[in-house]
Amino acid sequence: MEILVCIKQVPDDSVEIHLKSDGTPNLDGVTKVANAFDTYALEMATRLKEAVGGEITVVSIGEDSVRDALKNCLAVGAEHAYQITDAAFDGSDSMAKAELLAKAKAKLEKDNGKPFDLIFCGFEATDRASGQTGAQLAAVLNAPLITSLVDISSKDGKIVAKQETDFGYNSIEAATPCVVTVSKPEYDPRYPTIKNKLKAKKMPIGAFAAADLGVDASKVGQGAALTHTVSFSEPAQKEGGVKINEKDQEEGARKLVAMMVEAKAL
Amino acid sequence: MDQNKNVLAFVEVVDGKPVNVGLESLTAARTLVEGTDEKVVAVLIGSGLDDAAAKVAASGVDKVVVVDNAAYAAFALDAFTNVLEQLIKKCNPAYVLAGNTPLTKGLLPSLAAAFKSGNVADVMSIKKDGGKIAWATPRFGGTVIASEVIEKSPIQFATIRPGAFEKPATAAKAASIEKESIAVAADALRTKILEAVKEMTEDVNIEDADIIVTGGRGMGTPENFKLVEKLAEVLGGVVGATRPAIEENWAPRSRQVGQSGKIVTPKLYIACGVSGATQHVSGMSSSKYIVAINKDEEAPIFNVANVGIVGDAMKILPVMIEELKKVKAEA
Amino acid sequence: MAYLISDEGAELLESVKEFCKNEVQEQCKEYDRSGEWPKAIYDKAIEMQLHSLEVPEEFGGPGLDRVSIAALIEQMAMADAGFATTISASGLGMKPVLIGGNEAQKKRACEIILKGGFGAFGLTEPGAGSDPAAGKTVAVKDGDSYVLNGRKCFITNGGIADFYCVTALTDKSKGVKGMSMFYIEKGTKGLSTGHEEDKMGIRTSNTCDVVMEDCRIPAENLLGEEGKGFGIAMKTLDQARTWMGCVSAGIAQRAMDEAIAYGKQRIQFGKPVLKNQALQFKIADMAIKIETARQMVSYALTLMDKGLPHTKESAIAKCYASDIAMECASEAIQIFGGYGYSREYPVEKLLRDAKIFQIFEGTNEVQRIVVARDTIGRY
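Chains as they are written, first to last, in the numbering used here: chain A, 1 to 266; chain B, 267 to 597; chain C, 598 to 976.
Treat the hints as calculated values from the structure; they're not laboratory data. Nothing here was measured: the structure is a model prediction, and the numbers come from that model. Heads up, a few of these hints could be off.
[What the hints assert, rightly or not] Below, computed lysine-lysine pairings styled on DSS-like, alpha-carbon distance capped at 25 Å:
(1) B:Lys-464 / A:Lys-158
(2) A:Lys-202 / C:Lys-636
(3) A:Lys-247 / B:Lys-433
(4) A:Lys-243 / B:Lys-591
(5) A:Lys-243 / C:Lys-861
(6) B:Lys-591 / A:Lys-255
(7) A:Lys-264 / B:Lys-458
(8) A:Lys-255 / B:Lys-496
(9) A:Lys-195 / C:Lys-704
(10) A:Lys-255 / B:Lys-592
(11) C:Lys-618 / C:Lys-636
(12) B:Lys-433 / A:Lys-255
(13) C:Lys-868 / A:Lys-247
(14) C:Lys-738 / A:Lys-199
(15) C:Lys-868 / A:Lys-71
(16) A:Lys-243 / C:Lys-704
(17) A:Lys-71 / A:Lys-162
(18) B:Lys-561 / C:Lys-618
(19) B:Lys-591 / A:Lys-162
(20) A:Lys-264 / B:Lys-433
(21) B:Lys-581 / A:Lys-247
(22) B:Lys-305 / B:Lys-464
(23) A:Lys-243 / B:Lys-305
(24) B:Lys-496 / B:Lys-594
(25) B:Lys-393 / A:Lys-20
(26) C:Lys-738 / C:Lys-774
(27) A:Lys-32 / A:Lys-20
(28) B:Lys-433 / A:Lys-243
(29) A:Lys-71 / A:Lys-155
(30) A:Lys-264 / B:Lys-591
(31) C:Lys-614 / A:Lys-195
(32) A:Lys-255 / B:Lys-533
Use the sequences and the hints to build the structure in full.
Below, the structure written as structure tokens:
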């Protein structure tokens, strides 16, 4: 099983992001981390690889900081890593990113003489939560798409995906090549072992620029984007209400119920 | 080719009923056409859609298109994508809307790609600015809202955030319902649903609930979490949970409230042992009346609560349960 | 400020930090109450290979310099000192083999660790704490075997180790010169664990008696030669003490971090309490002590890496760092006020955790004897 996993770097989602005085999001000092759902995708891919054999290649679009995320991927299951980077790519929208990922996939397949069987993406990124890139990559590749996976298995050239639904799950079968997007599985991504981390540090990370991928620079980047952010704002702060802070907590609880009754909240 | 016009709104149907956010997207659709002669066309795809179609037809739309076929009983992504693609080609809409659900999240981006058009996800509000539409969408888990415009696109695609728009009032006059039979070529169906498993014994959609009692990490143990369930039972509400509580398996995933779970807007929301991380708050802050119970008086949940109580949920909940039983008995 | 470490160390530090934040710090609060040994956490740590940091590269270890390892151990100590103690005590258990053992013995012990096992070191006995010469455990040679009898107490990892290095007298007439060091694996007949201590602090580490009753081991399990046991034990402690200094500095750092975080948000008289210079000076004193302790640990470890004598420096590092850990924990409680004394807040645990570091692996009084002897010289 040859597997491609697409990773996006996002601002650490445990940090609350607010606006700067110039009205743009304040990302100063916020560390960049691999998108949580992408790390779930890599873990799921790694487990699949461990079960059926094969290799995992990770790719990420972005500036040099993505190399850190890629290096981490090499310590927790991936064999190869490539950064997709070019000044022309800045400001690309999801559609352009899907195009870039498709081009990188094609180049890797040509260089290595081996097609990818499965393409994993996180089902959304924690910064925009739009979940578009994976779906659009499937569209660009004209490959089947299965979203919101919580597990996957493979047999006889077909995959069976466990798709999370509101009331349980769907078991979905598809032939490869196929694009899947991953939600939160029951398991957590593994931590890198000390030795794998040290080994990953020495592994090469390739880089693809526009020329390597044969990308028409006018079709990607800010200029080609179909969506533009015109302004940012912060949600209106709800006024905090009454706070009961009684020494006698039971008395406080009775007061609380009385207030709920009075407010006709029941 | 004529200029694209009208709004096509895809309303997802689950168990024969249009989902709430699907209906809410019709209100968003109405916003887009207000003051123009453009129409709102609702699209339903599935099997056994008569009741759902009647409901949607009375929801302030101009027309309902129903693609009713046993083949579409389950939401198969590639079949639905294909059907909608054919419909869009036929109708040439200026906008395609859908409620933001896990399934439409895969659907609209694929369609947007097919029509080389822009797509905005999880729209919280719509502003008309001259000829342009500004779509407000959350970023970074909801602490920031980005206003986005779609350009260079024949069609504007958008998914609507649950709870962001009111459900349309029932219209006096129902719109016409047109049945379309649209087939999907066999080779376009590349994924096959082997089985659809319902793990939940009860069909509770917390998005529909009027009263939600949510437990967070602060509940500490599965035994303590039972107090949350008890309080919900006494109030006739349903149990919600934060992501940490879900990860501890105290409640099923379908009960998760927050950015990566459900966006809820009940009449009463009680948060027990919930600190109030942005991820969670963005999913419940539009509730009508919010009660917070937390032992940390600095917990951010108090900033969104109408009334909060500082203290140990394990001590407070039993008293609340008893008191509320009395209130209910008196009522 | 922190340890000056290699690039490799810095990358590992990020992973360890994340691991401790997600898997150790919060979880250990509950285990601190119950006193249960948190196997699930240790299993995860083993999977990540955190317990094998000190295995030498030639035997399959990661090959890190000691100061880099210290940065990682400190991170673990900041999350939970008991956790760091278990990890570090495993290294302690391995040291007698590395110091006194032959190649086969070293390979064997390292293999056990790499496969996910822990080691333990047994010197102390009920009647022989600071005075190891008063030990009563004996080993009698019998053909190709030694037969051991005796009781070791306060053994860190005693109940969970996969192998033990214990001292026993092979010649009672010679005192410490008749002491030898033996390697015993878990499951050996006659080896058992006894009373488990219900400790004041480091409650996530296991401490218990290790009992040998006609415990027969192959003669080749002698480490080094007969009569060399005390020397091996002292060299072991010379190294190990610095690591206890490292854990102590971690406790102190955590205390300071908690004090700063609380002092910034606690409002009294309309302003954060940390706006008071009196409290700022407390923090400054903590920082001065912590940095000093850390650099002493670093210096002792660098001497070890270079193969230079380090007895005095190691004793200073352990003694100073554990003393200031107590001071910092106590001051952190002071800054928290009444809340600091409550179990709901994190700082009282730090004081309970810190205390043992003034006692075990040589009391701080013994450390001062070592430093005095080394400083004054024989006269």
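Requested in this report: Any hints from earlier that this structure breaks? Give me their numbers in increasing order, please.
Outcome: 2, 3, 7, 12, 14, 15, 16, 17, 19, 22, 23, 28 and 29
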